[in-house]
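We have chain E already, so just place chain U on it with the hints.
Those protein sequences? They're chains E and U, same order as listed. Plus 3 on top of the position in the first sequence (first one is 1) and you've got our numbering. Plus 841 on top of the position in the second sequence (first one is 1) and you've got our numbering.
FYI, nobody ran anything at the bench for these hints, they're computed from the structure. It is possible that some hints are incorrect.
[Claimed, not checked] Derived EDC-like pairs: lysine to aspartate or glutamate, alpha-carbon spacing no greater than 16 Å straight-line:
#1 E:LYS181 to U:GLU894
#2 U:LYS1061 to E:ASP151
#3 E:LYS181 to U:ASP890
[Said to hold, decoys possible] Quick list of the computed label-pair ranges, beta carbon to beta carbon:
#4 E:ARG99 to U:ASP999: 47 to 55 Å
#5 E:ILE202 to U:PRO1012: 52 to 60 Å
#6 U:GLY846 to E:VAL203: 17 to 25 Å
[As the list claims (entries may be wrong)] Chain E is nowhere near these chain U residues, computed Cβ spacing over 10 Å in every case:
#7 LEU844
#8 LEU866
#9 LEU875
#10 ARG934
#11 SER941
#12 PHE954
#13 THR956
#14 SER971
#15 ASP999
#16 ARG1002
#17 HIS1011
#18 PRO1012
#19 THR1015
#20 ASP1028
#21 PHE1062
Note that CB positions come from ideal geometry on N, CA and C, so glycine has one too.
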Amino acid sequence: MTAKVRALDDLVAAIPDGAYIAIPPEYSGCAMEATRALVRRGAKNLRLLTVPASSLQADLLIGAGCVAEIETSAVSLGELGPAPRFTAAVTGGTIRLKDATCPALHAGITAAERGAPFMAMRGLIGSDILAHRPDWRVLQNPFSETPDPVVVVPALHPEIALFHAPLADRHGNVWVGKRRELMSIAHAARRTLVTVEEIVERDLLADAATASGTIPGFYVEAVAVAPEGAWPLPLAERYPADAAHLAEYARLAGSEEGFRRYLDQYVLVARRAA
Amino acid sequence: MRLFGDARHVAVGAQSPIPATAALLARHLSGGRLYASLLTSPAHNFFTDGGRELFDCAGQGRIDVFFLSGGQIDGEANINLVAIGDYAKPKVRFPGSFGSGYLYYVVPRVILFRTEHSRRTLVPKVDFVSAPGWSPPEVYRPGGPVALVTNRCVFAFDRMRRRFRLESVHPGHTLEEVLDNTGFEFDRPERVPETPPPSAEDRRLMREVVAPELATIYPKFTADVFGVGKAA
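Isolated chain E (complex conformation) (with noise of 0.2 Å):
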């Protein structure tokens, strides 16, 4: 058996350019360290699934000019504002975005989970998000005698998934908690990548108590340790945002001059010895 736990270097070089890339919302865990890494290498051409909205991340990565296509619900930086390289990109026509609502892309995720084609929802009829989702269709609920149109969206299937979590094992057995979001993107994409605070020596799956929470290893292809991984966004029960960054990042990110800036002191130089 190949070794499930690498380096962090290696874990991001299996992505290759253009994959296409589930993420988990900021209030779940995400992969800021691998994210950074991700842009020094000078990735290109990712499709971004956000599962449902993104925030700092997928922020970050278009500015960095990573992303190709992006399919969300939202990008914002919650009070701080609008993402601002997100509204730049999509005001400037620079890259291809869909967009969706929340539970439309949890549909598409669960219908993967299942290996269902597509996902009946409630919602969406008569508004505008539906208006330009070719990809979506309106069917009429078949159980119904009377007239009763559902939306149907297809299954989404990453390529990658990729996010942070606080506990792993050898086995790469990944303990996410509640953060079940998580697990979904895990079992929907073909290949899941995951970061983590540290490893642990038992075995996630050998207690109930960890059991319940934890990722079983054989949907996930590699583990990497990066302690503080999610910073500056934060890991439930670990760690806070980092409230006072996010707050220049938001400052600088309003101008392209400020994001390169941003990226200088922040992302082209690794944060700290490893």
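Below, chain U without anything else, positioned relative to chain E:
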């Protein structure tokens, strides 16, 4: 909070500090009967099935109240969280629709909120419909807007007439100001009442109990409004 009715479960999405304050205050006042779920705060929701559980819960009718806003809101309660101008080449781009394209249809009492009450935000017709204010009868729609709360006033939404009706104007604001700053037409009573302000006890609870709980997800809001959690 008066708009919550006899809700058992109030949920709050992203970028909603004022609704989150109201939801947590209502929970404190309910003596534990009301569930308040803040989607973006792991400490303030009971969900254990990941990000989709909120939507699954709402689809089953287990969420009674939700809050939505918009870069633009129009007189038929259509909301726009996407863009101003041509969608393909927008003049202004907003973050995106979040869960609105679904929750607006399935949550019975959606409260719209917008802290900038102006002709720029409250428009005759939105440029992009993230979610429509009403749907034709064949569309499954147990949910929809009940009210629009702004920094100046409260509107109620009449789903049959597809129009807002001015309910009350906040203390310190006037009907003329509301008329001047609203881009859509709305109904109003002959005498428009003043919005009752929160009681001293409610204000104390917001400041002393709710604000510290919110400081981890809305540090800027709680610092600016309540002076809580200011960075040293």
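Going down the list of hints, with the structure as the test:
1. For the given pair, E:LYS181 sits about 11 Å from U:GLU894 by alpha-carbon distance, which is consistent with the 16 Å threshold.
2. Our distance criterion of 16 Å between C-alpha atoms is broken by U:LYS1061 and E:ASP151, whose separation comes to about 45 Å.
3. Straight-line distance between C-alpha atoms of E:LYS181 and U:ASP890 comes to about 7 Å, which keeps the hinted pair within the 16 Å bound.
4. Distance hint for E:ARG99 and U:ASP999: a CB-CB separation of about 40 Å, inconsistent with the stated range 47 to 55 Å.
5. As the Cβ distance of E:ILE202 to U:PRO1012 is approximately 59 Å, the hint placing it in 52 to 60 Å holds.
6. A hinted range of 17 to 25 Å for the beta carbons of U:GLY846 and E:VAL203 is inconsistent with their spacing of about 48 Å.
7. Listed as a non-interface residue, U:LEU844 keeps its Cβ farther than 10 Å from every Cβ of chain E; the least gap is roughly 22 Å.
8. For U:LEU866, the condition that its CB be more than 10 Å from all CB atoms of chain E holds, with the nearest at approximately 19 Å.
9. For U:LEU875, the shortest C-beta to C-beta distance to chain E comes to about 22 Å, beyond the 10 Å cut-off, and the non-interface label holds.
10. Chain E draws U:ARG934 into its interface by the beta-carbon criterion, the shortest separation being 4 Å against a cut-off of 10 Å.
11. Distance check on U:SER941: its Cβ comes as close as 6 Å (rounded) to a Cβ of chain E, failing to clear the 10 Å threshold; non-interface status is violated.
12. The claim that U:PHE954 lies off the interface holds: its Cβ sits roughly 14 Å from the closest Cβ of chain E, which is beyond the 10 Å cut-off.
13. Annotated as non-interface, U:THR956 keeps its C-beta farther than 10 Å from every C-beta of chain E; the closest such distance is 12 Å.
14. Against chain E, the non-interface label of U:SER971 is violated: not every CB pair exceeds 10 Å, the least being about 6 Å.
15. No beta-carbon of chain E comes within 10 Å of the beta-carbon of U:ASP999; the shortest separation is about 19 Å.
16. Every CB of chain E lies more than 10 Å from the CB of U:ARG1002, the least distance being 18 Å, so the non-interface label holds.
17. Distance check on U:HIS1011: its Cβ is at least 23 Å (rounded) from any Cβ of chain E, clearing the 10 Å threshold; non-interface status holds.
18. The Cβ of U:PRO1012 lies farther than 10 Å from every Cβ of chain E, with a closest approach of about 26 Å, so its non-interface assignment holds.
19. For U:THR1015, the shortest C-beta to C-beta distance to chain E comes to about 30 Å, beyond the 10 Å cut-off, and the non-interface label holds.
20. Here U:ASP1028 stays apart from chain E, with its beta-carbon at least about 24 Å from theirs, past the 10 Å limit.
21. Distance check for U:PHE1062 against chain E: the nearest CB is about 6 Å away, which does not clear 10 Å, and the non-interface claim fails.
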